[in-house]
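Visitor: Here's the letter readout for the chains.
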Amino acid sequence: MPEVLKAPLVVEFPFTRSLGPVQSAFLTGLREQVVLGVRAGDGRVLVPPVEYDPVTAEEIRDLVEVAATGTVTTWAWNHAPRRGQPLAGPFAWVLVRLDGAGTGLLHVLDAPGPDAVHTGMRVRIRWAEERTGAITDIACFEPYDGVPGQLTGSNGEFEGERVTGIVAPARLDYTYSPGRAQSAYIAALSTQRTVGERCPSCRKVYVPPRGACPTCGVPTAEQIEVGPRGTVTTFCIVNIKARNLDIEVPYVYAHIALDGADLALHGRIGGIPYDQVRMGLRVEPVWTEGARYPDHYRPTGEPDADYDAYKELL
Amino acid sequence: MTREESSGVRDVAVVAFAQTDVLRTTDELSEVEMLMPVLHSVLDRTGLKTADIGFTCSGSSDYLAGRAFSFTLALDGVGAWPPIAESHVEMDGAWALYEAWTKLLTGDADTALVYAYGKSSPGSVRDVLTRQLDPYYVAPLWPDSVALAALQARALIDAGDTDEPALAAIGARSRRVATLNSRAQLRGSVPQGEYVVRPLRTGDCPPVGDGAAAVILAAGERARELCSRPAWIRGIDHRIEAHALGVRDLTDSPSTRLAAQKAGVFERPVDTAELHAPFSSQEVVLRKALRLDDSVRVNLSGGPLAANPMMAAGLVRIGEAAARIHRGESDRALAHATSGPCLQQNLVAVLEGEPR
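Chains as they are written, first to last, in the working numbering: chain E, 1 to 314; chain R, 1 to 356.
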């Protein structure tokens, strides 16, 4: 059995999110070093604030300023920070009930070690130097022995533009493995061969193979080399140029049933004017130097295949 | 809800269960290749063929796979041609089972195939799970799943509900009983290890592993034909709590208690419980919420501290509880599944075997 392939796979996206009126006020406030909560139906002040009451689901809009000082309600010591977390060195995760708030805010506490942290300890916000209207405008919390912080008297209105959205970049790293069947398919392509797998039950040959027959729901294992020649079963003419694609339009994108396969692959048709491509056209792959799959398919010059020969593969 | 509340409807039972070995990595297998043996196993046990199944429902997550619509590829293992009635939840398979149960109650189907799978090995599951958090206030801080569980564990210790030695004992007991479960990933004596995020040590955390599970449900007489001792679902319910951790009392799980009440757990004692508590500290919370005393056998399979295949571990709890009833080792069992940080969402089912 050939070696199972592996490759790095990075999934990365800058999630752009719009804010509702309460979230907008809260994050605009952080930019201005003001912390706002919202009063819930049971009288509690929720910090961070939400737009709907967690108990009654009623819409809530009553903004209340709370202090930048507070009390740790629970904590956990993180000796090995991970990518994206607020501090690069060891820190404590904390839930902090800010003075005036009835709920806990999740953030991190900069402390020399776990012995310096305890539930009930007093802390205050350390503001980030550059603030944009995001939860990370709070750089972290720090131990604080002084009196409760003073309120600014904010009513939730600020000079300058309101923060109406955030961009939250997200990145996850994977090591992708396509499994046994697809690894064998990719390995064969590297020698310009195409292999499928035959279902032991219905005898159909699947290309590319995924290790299972989708009709019978049983594993496939018997490798079958198919092609290289095949028949166009259906096609379309592409008139819009895709970004980053170096192919002149119009061109033909087709389904191609390789000889011996019971499933059509797809590919581009070249070597023939686009308006002369037809169902039943016999084609063969054209490989470019060092490519890992055929660049396109071109006519073989054989007579067209009879419709009955490929109608089951449409 | 309990069967009595949905009066006039049919009885539904778990009639077959299968699971894979849970392994740290399964590079050589695609998801569908990992899944197929358990699908065939439950079908073989009942003598059913794919074409006989009335409804199929699955649970999995694109974020674990790192690919969009990843569940569609797994459908190859089911045999989805000719067309079948099928659905998917982007959750643990326990919630897929709930959907299948409601489908059978409607009378639209007499049998259902429920399956779930997850490969955590391609990515970092601690980081992947941050993506289920509040995207405005929490996810930008990247608090990983162990960190959030550690906040809950500290709250329990501060409240006097447990301490670090008691937590270690939960992990040790789970892995000791798992020696009788050949599918489990961690079995026998495992060092409690260093702190991952204090106060949780390696031994308080679930192993990261790949695995799959499948269950067949059947209604009424069909269940009796397919299984000599069906595990009747007497009640099943799921509840959710506020998303923000700071709003919740982390030492309690009112959603579990409410789901259990609605499922009828408290009407009569259970003899067995399979709890989906990925962290040792969460078993403390669940035992309290479910009022389980020492007369109840908890997680004889080893539970999630011995094997925790993401998206399948909750379905495995229902399957393990049902299998004990099938074998005559339990008469009334509780199964619990969870999802989200610090037991945010909880599903509770009560399974019963008929008197022997």
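In short, the hints are calculated from the structure, not lab data.
Glycine residues also receive a C-beta, built at the ideal position from the N, C-alpha and C atoms.
Heads up, a few of these hints could be off.
Said to hold, decoys possible - Subject to a maximum C-alpha distance of 30 Å in a straight line, what follows is the list of computed DSBU-like cross-link-like pairs (lysine-lysine):
| no. | chain 1 | residue 1 | chain 2 | residue 2 |
| --- | --- | --- | --- | --- |
| 1 | R | 288 | E | 204 |
| 2 | R | 262 | R | 288 |
| 3 | R | 288 | E | 311 |
| 4 | E | 311 | E | 204 |
| 5 | E | 6 | E | 204 |
What the hints assert, rightly or not - Okay, the calculated bits of chain E under chain R, using three or more residues with CB under 8 Å as the criterion:
| no. | segment |
| --- | --- |
| 6 | 72–85 |
| 7 | 141–148 |
As the list claims (entries may be wrong) - Some but not every residue of chain R turned toward chain E, in silico, with C-beta under 10 Å:
| no. | residue |
| --- | --- |
| 8 | 30 |
| 9 | 54 |
| 10 | 105 |
| 11 | 135 |
| 12 | 141 |
| 13 | 147 |
| 14 | 155 |
| 15 | 188 |
| 16 | 190 |
| 17 | 191 |
| 18 | 239 |
| 19 | 244 |
| 20 | 248 |
Visitor: Given residue 239/R as an interface hint, is the shortest Cβ-Cβ distance to chain E below 10 Å?
Guide: 14 Å, violated
Visitor: Less than 10 Å between beta-carbons is the criterion; does residue 105/R satisfy it with respect to chain E?
Guide: Violated, because the Cβ-Cβ distance from residue 105/R to chain E comes to roughly 26 Å (cut-off 10 Å).
Visitor: Does the CB of residue 30/R sit less than 10 Å away from some CB of chain E?
Guide: 3 Å, holds
Visitor: Under 8 Å between beta-carbons, do enough residues of the segment 141–148 of chain E, three at least, approach chain R for the coverage claim to hold?
Guide: Violated: only 0 residues of the segment 141–148 of chain E have a Cβ under 8 Å from chain R.
Visitor: Hold the hint about residue 248/R up to the distance rule: shortest CB distance to chain E must be less than 10 Å.
Guide: Since chain E brings a Cβ to about 9 Å from residue 248/R, closer than 10 Å, the hint holds.
Visitor: Does the alpha-carbon distance linking residue 311/E and residue 204/E stay inside the 30 Å limit?
Guide: 15 Å, holds
Visitor: Decide if the proposed pair is consistent with the structure: residue 288/R and residue 311/E, CA atoms, cutoff 30 Å inclusive.
Guide: 64 Å, violated
Visitor: Does the closest beta carbon of chain E sit nearer than 10 Å to the beta carbon of residue 191/R?
Guide: Status violated, d = 18 Å.
Visitor: Compare the distance between the alpha carbons of residue 6/E and residue 204/E with 30 Å, and conclude whether the hinted pair is satisfied.
Guide: Status holds; Cα separation ~28 Å.
Visitor: For the restraint on residue 54/R, tell me whether the closest CB of chain E is nearer than 10 Å.
Guide: This interface hint is violated because 16 Å lies over the 10 Å limit.
Visitor: Just to be careful, I want the Cα atoms of residue 262/R and residue 288/R compared with a cutoff of 30 Å; is the pair within it?
Guide: 17 Å, holds
Visitor: Establish whether the coverage given for the segment 72–85 of chain E by chain R is satisfied; the threshold is a Cβ-Cβ distance below 8 Å, and no fewer than three residues must meet it.
Guide: holds (count 11)
Violated hints, listed in ascending order, are 1, 3, 7, 9, 10, 15, 16, 17, 18; each of the other numbered hints is respected by the structure.
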